[in-house]
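Number of protein chains: 4
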Amino acid sequence: MFTSQSKIRVRYAETDQMGVVYHSHYFQYFEVARAEAIRELGFTYADMERTGVIMPVIEVQCRYLRPALYDDLLTVKVILKELPLHHKIEFHQEVYNEKAELLVTGRVVLYFMEAKTMKRTTMPEKLQEKLQPFFR
Amino acid sequence: MFTSQSKIRVRYAETDQMGVVYHSHYFQYFEVARAEAIRELGFTYADMERTGVIMPVIEVQCRYLRPALYDDLLTVKVILKELPLHHKIEFHQEVYNEKAELLVTGRVVLYFMEAKTMKRTTMPEKLQEKLQPFFR
Amino acid sequence: MFTSQSKIRVRYAETDQMGVVYHSHYFQYFEVARAEAIRELGFTYADMERTGVIMPVIEVQCRYLRPALYDDLLTVKVILKELPLHHKIEFHQEVYNEKAELLVTGRVVLYFMEAKTMKRTTMPEKLQEKLQPFFR
Amino acid sequence: MFTSQSKIRVRYAETDQMGVVYHSHYFQYFEVARAEAIRELGFTYADMERTGVIMPVIEVQCRYLRPALYDDLLTVKVILKELPLHHKIEFHQEVYNEKAELLVTGRVVLYFMEAKTMKRTTMPEKLQEKLQPFFR
Chain A
10 MFTSQSKIRV RYAETDQMGV VYHSHYFQYF EVARAEAIRE LGFTYADMER TGVIMPVIEV
70 QCRYLRPALY DDLLTVKVIL KELPLHHKIE FHQEVYNEKA ELLVTGRVVL YFMEAKTMKR
130 TTMPEKLQEK LQPFFR
Chain B
10 MFTSQSKIRV RYAETDQMGV VYHSHYFQYF EVARAEAIRE LGFTYADMER TGVIMPVIEV
70 QCRYLRPALY DDLLTVKVIL KELPLHHKIE FHQEVYNEKA ELLVTGRVVL YFMEAKTMKR
130 TTMPEKLQEK LQPFFR
Chain C
10 MFTSQSKIRV RYAETDQMGV VYHSHYFQYF EVARAEAIRE LGFTYADMER TGVIMPVIEV
70 QCRYLRPALY DDLLTVKVIL KELPLHHKIE FHQEVYNEKA ELLVTGRVVL YFMEAKTMKR
130 TTMPEKLQEK LQPFFR
Chain D
10 MFTSQSKIRV RYAETDQMGV VYHSHYFQYF EVARAEAIRE LGFTYADMER TGVIMPVIEV
70 QCRYLRPALY DDLLTVKVIL KELPLHHKIE FHQEVYNEKA ELLVTGRVVL YFMEAKTMKR
130 TTMPEKLQEK LQPFFR
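Chains as they are written, first to last, in this note's numbering: chain A, 10 to 145; chain B, 10 to 145; chain C, 10 to 145; chain D, 10 to 145.
Incorrect hints may appear among the rest.
Note that identical chains are pooled: a pair holds if it fits in a single copy or bridges any two copies.
[To be verified] Listed next, the in silico EDC-like pairs over lysine to aspartate or glutamate satisfying Cα-Cα at most 20 Å (straight line):
1) Lys108 x Asp56
2) Lys135 x Glu58
3) Lys97 x Glu68
4) Lys139 x Asp56
5) Lys16 x Asp80
6) Lys97 x Asp81
7) Lys108 x Glu49
8) Lys86 x Glu68
Source of the hints: derived by calculation from the structure; they are not laboratory data.
Please construct the entire structure, taking both the sequences and the accompanying hints into account.
The structure is reproduced here in structure tokens:
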């Protein structure tokens, strides 16, 4: 299993008139945390795109347990339970506030695709090598 | 069953550098379509909030089949399969492009809650009356 | 002078915890209204991009007189006071609510640029022909 | 003069199909940087709102010199040239990329207002005390 976590501070623009973070913004938090997770591995998603591999989101799910508030310093977790063998990768994600309360759980499925052909491909070898030690 | 559909034109700001609508924005489209569905019933979500009942989103799910592009005129469907008896309401949602291709399917679960007490409540009677004829 | 106006309904996600539209979102409304203005002329900004001409925003300004609220049906005006001779085009924009109160005034300057070379260019002839009758 | 700077990493959702940060998002970066500037002073904007003083944005301006790209680690500067005497405060803002290139300059004017009455007020004393040493 590979896990990673990032800190994200809630912006004013992300709140709505209920006084809480608008529900769709968590998917942006999830993405930031995935990008940071890849960076921790000594790689970046931006680099991957420059080599012609993109990762469109294919499916998402999210449960909202407690609201996040303006200026909260959130901890956003990324959990990769299985090393993907094919074109599909599935992340579990969790958001906690500063009191360590679980606010949100999510699941994001992405594909590895060649930008040029828009055909499915596999995880770039370089990233695979970095991830393998976590799955032994 | 109650169904409704709205037209939403994709904004430039909603695209990302993949040249397609960023995945989280569909939840905003879903909400716009739900608001229009309620308006068709002669009621508005804004009115409901003014009477003290809010509808926080509790769970969402979304599958991305085909991308939506800048300036596409999308058709966003709202499908209510069951009249909610308690505090919970579940919408199915679909997004189509101008070629009538299904781009995205989603599911959004919301609760009826009293804004003051943040306790669960039931659908306002006025809205219930409007919806009942669709479920006979 | 060329003027055009569009209707835009305020989305829930566009409000913030002050209960009003977050200030930066008006620039998205401005853009929607500009795109609709071009469409009225029998042309689309999307088409222009497909022919290789893009219009990056170079400068913006905005004054906020009164807040827009959730579900408000706004009227967003586009005013082109001068036909651009070179690479630069300047739009004035205004936002009104349903009571015809002026909420926001803005100014947006864009350049015509060739996407490939990122060099400044002039307005596509086709659009120029459509606009000229308004400036005689 | 009081100055402060924050680091903000560009999110994928903030890019558009031109492959650069969409122009309106800089106003969110500006706000994050202002909030961090206040935090450096041992105070938070969130606290200020809890004491009943809000700061709606009254006017903004922005010039776009160079684009910011996905995953860029931006430096966002806040410059307060004058200590506000009345209800109005004006910030100058600048955005730099990792090569120290100036990308964007902006100006944001806000009012101090009492949330309850929506009347103009002055800067909370506590914040004034923190800022005064920078203006001697």
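Right, here's what the structure says about each hint:
Proximity of Lys108 and Asp56 under a CA criterion of 20 Å is satisfied inter-copy only: 18 Å between copies versus 35 Å inside one chain copy. For a Cα distance limit of 20 Å, the shortest separation of Lys135 from Glu58 inside one copy, 13 Å, qualifies, whereas the shortest one across copies, 36 Å, does not. Within a single copy, Lys97 and Glu68 get their C-alpha atoms as close as 11 Å, which meets the 20 Å cut-off; across copies the closest is 23 Å, which misses it. Taking the shortest Cα distances, Lys139 and Asp56 sit within 20 Å of each other inside one copy (15 Å), while across copies they are farther apart (43 Å).
Taking the shortest alpha-carbon separations for Lys16 and Asp80, both the intra-copy value of 12 Å and the inter-copy value of 16 Å come in at or below 20 Å. Taking the shortest Cα distances, Lys97 and Asp81 never come within 20 Å of each other, neither inside one copy (33 Å) nor across copies (27 Å). In this homomeric assembly, Lys108 and Glu49 never come within 20 Å of each other (Cα to Cα): the closest approach is 25 Å inside a single copy and 22 Å across copies. For the homomeric pair Lys86 and Glu68, the shortest alpha-carbon distances inside one copy (18 Å) and between copies (18 Å) are both at most 20 Å.
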